[in-house]
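**Q** Spelled out, the chains give:
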Amino acid sequence: MSSSTYYVPEQSRWPILASIALFLLAYGAGTLMNALSAQQGGGLGVALLLAGALMMGLILVGWFGNVIHESRSGLYSEQMDRSFRWGMSWFIFSEVMFFAAFFGALFYVRVLALPWLGGEGDKGVTELLWPGFVAEWPLFNPPDSARYPGPEAVISPWRIPLLNTCLLVTSSFTLTLAHKALLRDELIMVRRWMTLTILLGLIFIGFQAYEYVQAYQELGLTLQSGIYGATFFILTGFHGLHVTLGTLMLMIILGRVVLGHFSSRQHFGFEAVAWYWHFVDVVWIGLFLFVYVL
Amino acid sequence: MSTLDTTLEAHTDEHHGPASGIGRWLFTTNHKDIGSMYLWFSLLMFLVGGCMALMIRAELFQPGLQLVEPGFFNQMTTMHGLIMVFGAVMPAFVGLANWMVPMMIGAPDMALPRMNNWSFWILPFAFAMLISTLFMTGGAPNFGWTFYAPLSTTYAPPSVTYFIFAIHMMGISSIMGAINIIATILNMRAPGMTMMKLPLFCWTWLITAFLLIAVMPVLAGVVTMMLMDIHFGTSFFDAGGGGDPVLFQHVFWFFGHPEVYIMILPAFGIISQIIPAFARKRLFGYASMVYATASIAILSFLVWAHHMFTVGIPLAGELFFMYATMLIAVPTGVKVFNWVATMFRGSMTFETPMLFALAFVVLFTIGGFSGLMLAIAPVDFQYHDTYFVVAHFHYVLVPGAVFAIMAGVYYWLPKWTGHMLDERMGRLHFWLSFIGVNITFFPMHFIGLAGMPRRIPDYALQFADFNMVASVGAFLFGLSQLIFVWNVIACVRGGRKAEARAWEGAEGLEWEVPSPAPYHTFAEPPTLPESLR
Amino acid sequence: MGLKIIKTIGSGVGLALLAPASLHAEWGLNLTPGVTDVSRSVYDLHMTIFWICVAIALVVFGVMFWSIFHHRKSRGAKAHHFHENTLVEVIWTLVPVLILVGMAVPATATLIKMYDPSEAELDVQITGYQWKWRYDYLDHELSFFSNMSTPREQITNAAEKQENYLLEVDRHLVLPVGTKIRFLLTANDVIHSWWVPALAVKKDAIPGFINEAWTIIDEPGIYRGQCAELCGQDHGFMPIVVEAVSREDFDVWLMAARAEKEAQVQAAERSWTLDELMQQGEQAYLRACAACHLPNGGGVPGAFPALKGSPMVLGDVSAHIDIVLNGKAGTAMQAFRDQLSTAELAAVITYERNAWGNSLGEAVSPAQIARLLEPAEGEGEQ
Ligand code: HEA
Ligand code: HEA
Ligand code: CUA
Ligand SMILES: [Cu+2]
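Sequence order for the protein chains is W, H and D.
Using the numbering used here, the first residue of the first sequence is number 1, and each one after it goes up by one.
Using the numbering used here, the first residue of the second sequence is number 1, and each one after it goes up by one.
Using the numbering used here, the first residue of the third sequence is number 1, and each one after it goes up by one.
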């Protein structure tokens with residue numbers, strides 16, 4: 001960390017390109033979804049979507065490439081490092097709030113909406129509209145079971161989910177060990193611990209995928225099976241995406257470790273991803289409790 | 001280490017002036033360039049959204065359907081609200097923050113300049129997408145800027161999908177913008193600029209940025225649930241599957257209420273910079289201003305259901321949200337009183353920025369009072385979804401947020417352009433706007449109380465007179481904004497040379513650097529002037 | 001006097017000339033005190049809060065303009081350099097708190113009164129539809145729809161607008177005075193909101209849920225209101241008319257209403273000529289269908305399908321009948337089976353198949369529809 005003044009990068013083409021990529025992604029996704037819902041072929045949508053995704057991928061490589069290069073060239077001061085730290089922490093906070101929205105929805109439905117539909121509480125009269133509906137959780141018989149056929153069964157927390165919990169929690173520890181090793185500049189150990197972390201992550205994703213297949217094929221637990229399915233899939237789904245992203249980032253970081261980018265003194269990239277991983281882990285604990293167990 | 005050299009090369013030569021041509025704007029990492037782009041974009045959106053408003057007012061000029069079909073009227077209402085909120089007011093504040101925050105705290109630039117550029121350039125694409133929905137079959141979103149399910153899901157036009165993704169893009173942009181501002185304020189202050197020396201504009205923006213990061217993701221969450229209901233058969237907002245349409249409203253307003261403070265806190269900041277400058281007297285009660293802002297922010301998370309008093313909330317909830325909402329009057333009051341106390345026994349002059357600031361204090365307070373009336377749940381049953389509400393929020397948004405933005409622009413224009421603006425034109429713009437805004441929105445209190453619902457293209461005869469007045473006022477106000485456009489352009493083009501301290505009583509780092517401010521201020525951290533030590 | 005002060009404020013912004021003009025309008029410039037105990041306390045509360053705000057405004061703006069006038073540089077004012085004073089800051093934090101408490105007390109009382117759970121003598125279920133209201137007198141097996149009756153010509157300015165423009169309906173909600181009436185509000189499609197200012201009742205009608213509200217009307221009379229939640233294209237055109245009558249008149253009206261229902265059943269039995277059906281059909285069509293499919297059957301591209309030359313209409317009759325009777329789930333097309341009388345249903349279908357150049361010639365008889373309706377009878381609401 002040499003340079004004393006704050007490094008202000010020169011002009012960059014990445015942001016504007018990234019905006020275009022984002023636009024293509026969004027517009028493509030929109031077009032595709034509309035086409036599918038209207039039972040039409042989504043050719044155009046898919047094309048735009050892929051174009052956007054590809055472009056975004058390349059941009060990220062290039063953009064982070066710049067950042068890494070600058071960092072390696074010793075252009076970043078302590079202060080710059082702090083900017084990155086603030087940036088990453090607040091980004092993670094925004095992610096927390098994103099999940100908070102879905103947890104909030106889950107709690108609202110379970111504590112207020114369902115009891116009302118079932119005839120309890122302040123809006124109990126509502127049961128006039130749904131004769132015979134009983135509020136229960138998991139919800140096997142939604143009020144309008146013709147349009148939303150409920151699941152026959154739901155996933156038991158004490159099998160795969162419990163296992164997954166152990167996997168993720170362990171992975172958090174292994175990652176911390178990797179960090180400790182890095183602080184001691186024992187790069188070999190760093191590699192070992194990180195590889196293990198990534199493996200744990202991959203196994204977790206594998207199990208989740210398997211669980212989804214099971215849910216759809218055996219349990220009849222789908223997006224369309226009423227509010228239980230809806231909340232289940234939106235929460236686990238977005239969490240799964242985050243784990244996938246996290247694993248990807250871990251792989252990149254591992255690569256950079258191999259390339260010897262990090263030292264005990266300078267390794268914010270590593271820490272950022274570590275923070276992200278711990279966040280994903282914590283979210284899972286919440287999921288395990290409120291989506292699976294309770 | 002050749003790579004190192006080349007980068008250092010680039011690094012040093014980047015201290016020259018701006019690049020030339022369009023590339024300057026597309027690729028820039030300079031907070032001033034980005035600030036300017038935000039401001040121009042916001043002006044354009046203000047004009048677009050305003051023209052939609054004029055279309056609304058034109059249709060409502062008389063009872064009966066004259067110009068547009070009811071369906072299209074709803075599209076206008078919806079797009080007007082969305083464009084003004086997300087396209088005009090928010091980007092304007094971000095633009096001001098980009099320009100002023102680094103200069104006020106003595107930073108070389110924003111903390112994360114490349115991301116800063118990205119935050120901006122997402123917006124034009126997001127709004128291109130939003131506005132393109134006007135030309136799609138089935139028309140643009142027509143369910144109000146609050147897009148309540150199931151009108152916005154099961155019963156929505158296909159364009160809703162693009163609307164959802166546009167919202168996602170705006171969210172990403174705001175969150176990154178907010179992160180940048182927080183990082184800048186917390187990390188880039190000149191030595192000796194402690195938090196309690198921070199100019200209030202920075203303080204209010206710091207807290208606003210926190211609000212943004214806290215609630216924008218929630219908005220993203222709720223539109224995502226809509227997307228799932230529309231395209232993937234989930235039932236978040238459908239009782240048939242065990243969901244609840246009201247769930248949408250809770251999540252939306254958990255975002256929505258803090259959002260309205262996102263649109264006013266930076267305004268408070270601007271006013272708190274301007275009034276002391278033209279009263280030639282330090283701001284009264286700096287510390288209490290900071291605490292008041294913080295308490296408003298915290299309270300804003302606890303009041304969302306005051307938009308939902310009529311959805312059938314249990315009594316206890318109704319009472320809680322009523323009390324919490326009323327409480328917000330206290331910290332806001334503290335601010336108003338502090339401003340008045342700042343003027344008290346000052347030595348005031350009334351240049352254009354000050355005129356707008358004074359109008360802000362009066363008219364915002366009026367809007368605040370109507371807000372307080374709305375907060376009284378039992379009476380809100382009569383006010384809710386009438387033009388009384390429309391009157392309320394236009395008072396806090398137009399002579400509130402928008403006047404503050406204009407005050408800020410007039411106040412800092414000399415610093416940006418190096419020219420003083422034409423004071424006579426400035427005053428003309430002010431007086432026309434002041435009169436116009438009141439003629440437009442004051443009568444809405446009456447028609448609202450008299451029982452005219454919002455979001456209707458046609459109305460019963462007893463509302464005719466005041467609607468006509470409001471429409472006339474709207475065109476007066478609208479057209480006088482052309483003077484604003486003219487003023488700004490004229491001031492960019494030329495005018496009397498501005499000194500470093502363009503206004504006699506103006507204090508703060510930004511007034512220590514020459515006007516126009518050099519392309520790169522504070523490559524080295526400055527030492528604070530007397531007034532700040 | 002509430003009116004007076006508001007009017008003075010009005011004149012303050014140059015409205016003095018217009019204020020009187022709208023005085024002889026039905027609702028004037030302010031809330032109505034209304035015709036129920038609750039509505040009156042709401043009105044009083046409204047005025048109290050309003051006056052408090054005016055008072056505070058006078059003080060705050062008073063001080064402000066006083067210093068604007070006296071402490072201006074042009075009058076040689078020198079700035080004094082004080083910039084905080086804990087005492088006053090504490091005072092102007094606490095005083096507002098006290099004022100707010102003063103407001104909260106009556107507000108709480110009124111709100112609690114509104115949530116009074118005691119038993120009601122009459123239950124009316126109110127269901128919002130795009131864009132009409134349905135009223136079920138739960139304990140008198142009577143139910144009917146209430147549509148806006150303002151002719152299109154008035155809306156499109158082809159005809160002179162009458163006094164109750166947009167606030168008139170084909171069938172009033174008739175209610176007895178001096179009776180505690182409970183409203184059970186729900187909706188069939190999107191969220192609506194049932195609002196009658198004179199009763200100070202505004203409650204959202206939410207699909208799949210039921211909200212409760214109640215009222216006791218003191219004086220007989222006609223009280224008009226509107227839907228108060230954006231519910232789509234014709235949100236502005238689904239008014240509410242409450243007709244409050246004495247208990248005796250109410251019973252008489254109930255009788256008549258039931259008799260009318262009977263008559264409709266009779267009508268379905270007898271045989272109809274094509275012309276009769278076409279006439280009936282046109283009326284029913286304009287009332288129930290034209291809002292979306294337009295009077296000329298042209299529809300709205302992307303939103304509402306055209307019926308003119310539509311394969312559905314010109315195609316198999318049973319499919320056509322089915323969609324009219326049972327609607328199309330997940331779209332704005334509602335089930336009209338119990339919105340229109342049997343005869344009207346037959347007439348409307350006949351009309352659609354023979355109007356605007358659709359010319360299939362053959363008629364659908366009420367009897368035919370009646371047969372189709374029988375089996376479904378049991379199903380009941382929803
Ligand atoms: C800049 C935006 C902004 C701001 C600052 C506010 C400020 C406030 N708003 Fe407003 N509001 C909106 C924007 C805003 N609002 C919008 C856009 C809507 C409509 C959304 C939609 O439905 O489309 C809305 C709607 C809205 C409603 C819902 C109405 C309805 O739909 O039925 C309510 C109800 O409580 C409310 C209350 C308040 C209150 C109590 C304040 C308070 O913060 C005001 C506090 C200020 C003062 C009170 C004045 C100064 C204080 C003093 C001088 C001290 C002494 C005063 C007393 C002790 C009384 N607002
Ligand atoms: C900050 C936000 C903001 C701002 C600034 C405004 C500004 C204005 N708004 Fe409003 N408005 C909202 C936010 C805002 N609004 C929201 C959130 C809603 C609710 C939407 C909903 O119900 O869902 C709403 C709804 C709303 C309604 C109710 C619609 C309905 O319920 O059906 C009306 C009706 O009069 C209205 C009017 C106006 C007018 C006349 C202005 C004027 O102040 C506008 C003045 C500006 C101009 C007229 C542009 C000036 C420029 C020119 C005229 C020249 C243009 C040409 C060039 C030089 C390029 N607005
Ligand atoms: Cu029904 Cu608005
Ligand atoms: Cu609010």
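Read the hints as simulated data drawn from the structure, not as lab findings.
Computed from a predicted model, the values in this text were never measured in an experiment.
Among the hints, a few may not be true.
Said to hold, decoys possible - Coverage of chain H stretches by chain W, computed from C-beta distances (three or more under 8 Å per stretch; other residues unrestricted): (1) 282 to 291; (2) 447 to 453.
Unchecked claim - List time: in silico DSS-like cross-link candidates among lysine-lysine, alpha-carbon distance up to 30 Å: (3) 73/D to 180/D; (4) 78/D to 497/H; (5) 261/D to 328/D; (6) 180/D to 113/D; (7) 328/D to 308/D; (8) 73/D to 197/H; (9) 197/H to 78/D; (10) 73/D to 497/H.
Unchecked claim - For the chain D half of the interface with chain H, some residues (derived, Cβ under 8 Å), not all of them: (11) 80; (12) 303; (13) 359; (14) 360.
Heads up, the beta-carbon is just placed ideally off N, CA and C, and yes, glycines get one too.
**Q** So, against the hints stated earlier in the document, which numbers end up violated here?
**A** 1, 2, 3, 13 and 14
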